[in-house]
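Please take these sequences and the hints and turn them into a complete structure.
Under our numbering, think of the first position of the sequence shown as 1, with each following residue one higher.
No lab work stands behind these hints: they were computed from the structure.
Bear in mind that the values here come from a model prediction, so they are computed numbers and not experimental data.
Just so it is clear, CB atoms sit at the ideal spot from N, CA and C, and this is done for glycine as well.
Hints are not guaranteed to be accurate.
Claimed, not checked - Between beta-carbon pairs, the in silico distance windows are: (1) R92 to P55: 14 to 24 Å; (2) Q83 to G26: 11 to 21 Å; (3) E56 to E104: 30 to 40 Å; (4) E4 to G66: 49 to 59 Å; (5) E4 to G75: 35 to 45 Å; (6) S17 to E56: 15 to 25 Å.
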Amino acid sequence: MTAEPDYPDPVPAPEYSGPALLDAPGAEIAVMVSLNGHLDPIDGNFHWYGRVSAPEGTELPDPGRGQVFLTLPGGTPARGVLQEHDPWGNLRIVGIGTPPFPLEQAEIHLGRLCVRRGGR
Numbered sequence: 001m002t003a004e005p006d007y008p009d010p011v012p013a014p015e016y017s018g019p020a021l022l023d024a025p026g027a028e029i030a031v032m033v034s035l036n037g038h039l040d041p042i043d044g045n046f047h048w049y050g051r052v053s054a055p056e057g058t059e060l061p062d063p064g065r066g067q068v069f070l071t072l073p074g075g076t077p078a079r080g081v082l083q084e085h086d087p088w089g090n091l092r093i094v095g096i097g098t099p100p101f102p103l104e105q106a107e108i109h110l111g112r113l114c115v116r117r118g119g120r
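This is the structure we're talking about:
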């Protein structure tokens, strides 16, 4: 009988839900966001994504207007792209690289190699 492999405990995906500032061409809007992300093992980059909603009566910019910046309270701006409206009038936002929300530092073990990723 062979022993079961010793897999590490899964690490929860980083996420953030709360207020943010959306800086789009010609508009700066206080919004609410729900964000998540993951490290892509193929390209080695962090991919973050989520939904942006605005207060009632505030119009969100049209998707496809080029890059935007999303800033969380006390954070630094993160570059992203608005992709599409959902049926409820929210926008999908995506970005590659450092996300607007903080990341926990993690160790990734690849055989004998140990890589430290994340953290600010």
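Checklist line | Indices of hints not satisfied (ascending) | finding: none
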